[in-house]
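Protein chains: 2
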Amino acid sequence: MEYPSKRLTEVIDEIAKLPGIGKRTALRLALYLLKQPVSQSQDLAQSILKFRTEVKHCKICHNISDKDICDICNNTARNHQLICVVEDVRDVMAIESTGEYKGVYHVLGGLISPLDGIGPSDLTIDKLIKRLENDSIDEIVLALSSTVDGDTTNFYIYRKISALTVQQPKISTIARGISIGEELEYADEVTLARSILNRIPFEKSIKQS
Amino acid sequence: MEYPSKRLTEVIDEIAKLPGIGKRTALRLALYLLKQPVSQSQDLAQSILKFRTEVKHCKICHNISDKDICDICNNTARNHQLICVVEDVRDVMAIESTGEYKGVYHVLGGLISPLDGIGPSDLTIDKLIKRLENDSIDEIVLALSSTVDGDTTNFYIYRKISALTVQQPKISTIARGISIGEELEYADEVTLARSILNRIPFEKSIKQS
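Protein chains in written order, with the numbering used here: chain Y, 1 to 209; chain Z, 1 to 209.
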């Protein structure tokens with residue numbers, strides 16, 4: 001479709017570069033901005049620029065932060081001997097919102113994915129291994145997606161840790177099973193089988209609820 | 001959900017002001033931008049600012065344009081005695097893409113909608129009436145949505161034109177009927193009834209196909 005203005009064409013092209021947004025949606029968003037006060041477009045543009053140029057990755061765990069070291073790594077009340085390994089920043093937020101985890105994190109920045117051309121060197125795995133070498137860590141919790149890429153990354157990290165010459169941390173992974181509130185008959189077979197194999201004492205489950 | 005960075009919180013708040021985009025999508029878009037080169041965020045912010053501050057509405061038809069008078073109104077090859085009245089800029093683009101319309105446009109900027117608090121004075125109806133008073137227009141084509149608001153607006157414009165003391169233009173409306181390729185049995189009753197009432201000579205339909 002041809003647009004009646006060069007400026008409109010430009011803004012549509014830029015907005016449509018964002019994932020999941022096509023040219024039709026981009027046009028709708030641009031026309032919406034045109035009906036709002038100029039200040040809204042200025043605030044939007046400013047916030048994008050500031051976010052992209054000023055936000056940092058924590059030097060320890062690679063979580064997003066405004067400072068060199070994030071609030072979680074800086075928090076002495078947390079258990080720095082317990083590291084939860086996650087794929088990206090959203091996973092940190094999801095786990096934090098449960099309020100159940102008191103350790104620290106390590107954000108990989110993705111998963112090993114040969115199909116997408118993402119190898120271990122594109123992630124922060126080397127920095128994780130450095131953390132293990134420099135500090136004595138008690139336990140690593142692998143909290144990656146249970147996909148082929150997630151399993152590959154889990155196994156790669158497991159092998160790297162096994163090769164450590166310093167004291168090796170305990171390696172655990174988050175539990176897979178039937179979701180709370182999910183009906184058994186609709187669960188997939190693999191998950192159901194895993195939830196039976198990894199069953200836990202009933203008394204323990206009562207205490208958690 | 002709490003975000004680990006003030007800059008991230010700000011950009012999510014601004015992006016989530018856009019229609020149809022929630023906080024979760026805004027977070028996904030922000031993290032996407034963080035993985036792309038800084039230049040992409042700069043181009044995006046620049047294009048939004050330039051679009052919002054530099055784009056104009058044509059002084060005659062209120063279509064979006066980079067100039068004071070849009071390319072359609074400036075085109076002497078078009079029939080300036082024929083005005084198609086549409087709700088917004090997207091309708092102009094849609095009609096232009098058919099290549100079948102050789103007249104000019106008038107963009108209302110919305111529809112009369114008492115429920116949304118939009119009255120005739122919020123639209124460009126007065127300017128349409130001025131165009132009719134100043135130039136001798138042969139025909140007005142009302143091409144608004146066939147909704148309650150569309151019908152209200154159609155009727156308001158019809159009454160305004162009927163009250164004109166200068167030469168009154170012919171008023172027509174676009175045809176409603178069964179879409180090309182649509183099956184009769186799935187069409188709604190009102191549309192089907194209208195398409196029978198407004199039937200056209202068979203010879204005419206052959207010439208159009």
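Just so you know, these hints were derived from the structure itself, not from any lab. Quick reminder that beta carbons are idealized off the backbone N, C-alpha and C, glycines included. A few of these clues could be false.
What follows is a set of in silico ranges between Cβ atoms, one per label pair, in the way DEER data are often shown [unchecked claim]:
{"no.": "1", "chain 1": "Z", "residue 1": "13", "chain 2": "Y", "residue 2": "192", "range": "38 to 44 Å"}
{"no.": "2", "chain 1": "Z", "residue 1": "100", "chain 2": "Y", "residue 2": "38", "range": "33 to 39 Å"}
{"no.": "3", "chain 1": "Y", "residue 1": "186", "chain 2": "Z", "residue 2": "179", "range": "37 to 43 Å"}
{"no.": "4", "chain 1": "Y", "residue 1": "17", "chain 2": "Z", "residue 2": "98", "range": "27 to 33 Å"}
{"no.": "5", "chain 1": "Y", "residue 1": "176", "chain 2": "Z", "residue 2": "98", "range": "26 to 32 Å"}
{"no.": "6", "chain 1": "Y", "residue 1": "162", "chain 2": "Z", "residue 2": "31", "range": "30 to 36 Å"}
{"no.": "7", "chain 1": "Y", "residue 1": "171", "chain 2": "Z", "residue 2": "31", "range": "46 to 52 Å"}
{"no.": "8", "chain 1": "Z", "residue 1": "202", "chain 2": "Y", "residue 2": "185", "range": "57 to 63 Å"}
{"no.": "9", "chain 1": "Y", "residue 1": "189", "chain 2": "Z", "residue 2": "208", "range": "55 to 61 Å"}
{"no.": "10", "chain 1": "Y", "residue 1": "162", "chain 2": "Z", "residue 2": "6", "range": "38 to 44 Å"}
{"no.": "11", "chain 1": "Z", "residue 1": "23", "chain 2": "Y", "residue 2": "171", "range": "31 to 37 Å"}
Index of numbered hints that the structure contradicts, given in increasing order: 5, 7
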